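Q: Listed below, chain by chain, are the residues.
Protein chains: 2
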Amino acid sequence: MTTDSAPWSREEFEAQLRAKEKYYHIYHPYHELMREGKLDRLQIQGWVANRFYYQIKIPIKDAAILSNCPDRDTRRLWLQRILDHDGYGDDPGGIEAWLQLGIACGLERDALLSLQHVLPGVRFAVDAYVNFARNASWQEAACSSLTEMFAPTIHKERLAGWPEKYPWIAEDGLKYFRKRVSQASRDVEHGLAITLEHFKTREQQQHALNILQFKLDILWSMLDAMWMAYIENKPPYFSVD
Amino acid sequence: MTTDSAPWSREEFEAQLRAKEKYYHIYHPYHELMREGKLDRLQIQGWVANRFYYQIKIPIKDAAILSNCPDRDTRRLWLQRILDHDGYGDDPGGIEAWLQLGIACGLERDALLSLQHVLPGVRFAVDAYVNFARNASWQEAACSSLTEMFAPTIHKERLAGWPEKYPWIAEDGLKYFRKRVSQASRDVEHGLAITLEHFKTREQQQHALNILQFKLDILWSMLDAMWMAYIENKPPYFSVD
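Chains as they are written, first to last, in the numbering used here: chain A, 1 to 241; chain B, 1 to 241.
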């Protein structure tokens, strides 16, 4: 076994995973425009309506992972994600908070739920994530959730910047993001522990990195579809008579 | 039952399916540039390398359909598609012809087969087609193949226009297209017969139209991803340091 193929230590493996942050969708030009306050009303609405599709598929994705997981202790922890998004007891959950964000941005609840604004490119990217969770092992699917390592920055950025940059958005619409910052940290610890434990050989560790890259590709691809539609004004079939 | 919900006649249903031609990717601006001879070498190569992913997934998709089809007579006919693409006996098949096209455009065989040039957005769109074929009924999947009704025009256009517009492409690279024109007509007859027979009520007929639209969305979405990468020069992570 050469030095090149020796497994990374736990610390080095974690560092390799975290180094993928450079591909996080925070660096997509759509997010840069968003951060700089340069998106107009329709561009914000388009983003919310399309991100909504991702949000509603998260519990589906997590249920697929549960259905592939024979370990009860893991399921007890992983189930929390479904409770977070669908809600439980008095907590209306993340999907409802996202609907509130959409309403604060001037969208109708029914329009959001109908998915009429969801772009095909966004649908295909998000569905790729769900299908991966259905077909991969539960540990591979847990690894694909690790973009959550990078999410707190983007949530904090929105909390800090949106009230000033987009004053027309009712500020209680940001409730979703306030809640997600603390949940994401807890989720990451679990997903990271599974990943560091499961992917042992160098080949397996590289596979884990490829899985994380796949997930990053999904997030970037979603914004590419939104860029074409809302920034370039080239939504599907724009050139058709 | 009101007039609005009465099933369309066979003729009217077929006309409704054919009317979807207005959304065919022949009208995408990428294809318009291609037709006008305005694509450069890299833009042609990018298109071939990405379309190659679609081509290699067709036999996978058709095998998924076979695996959902309990009707032996249908399978005997549908299997021909796999023979066409993978090849049989002395016929090297459509995938080999597509490799020859890539080589004629200056790409290396290994580079094409490695899929290194396949854009995430293209991958997600094509995989959506394969996953649909896996999970839908064989008749629904047969309906999704009906964009073949519109394909002969695009094949003839390339046969007519490419030697003049792109003289640097070795003309025997167009072998694939010459072969596909006749095969597509035969395939369409079978797919159309299945569709006209299976989708009976107005609701089912509308569902068939939605399936065809889904497939049109896939083809358009593939070109959107290529447009971002090769025309806008915004491939994935272009803005990352």
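Incorrect hints may have been included.
[Unchecked claim] DSSO-like mimics (lysine-lysine), calculated; alpha carbons at most 30 Å apart, straight line:
hint : chain 1 : residue 1 : chain 2 : residue 2
1    : B       : LYS20     : B       : LYS38
2    : A       : LYS57     : B       : LYS175
3    : A       : LYS57     : B       : LYS38
4    : A       : LYS200    : A       : LYS22
5    : B       : LYS156    : B       : LYS22
6    : A       : LYS20     : B       : LYS179
7    : A       : LYS234    : B       : LYS38
8    : B       : LYS200    : B       : LYS179
9    : A       : LYS57     : B       : LYS156
Keep in mind that the hints were calculated from the coordinates and are not lab data. Predicted, not measured: the structure shown is a model, and the values here were computed from it.
Q: Find the hints from earlier in the document that the structure breaks and name them by number, from lowest to highest.
A: 2, 3, 6, 8, 9
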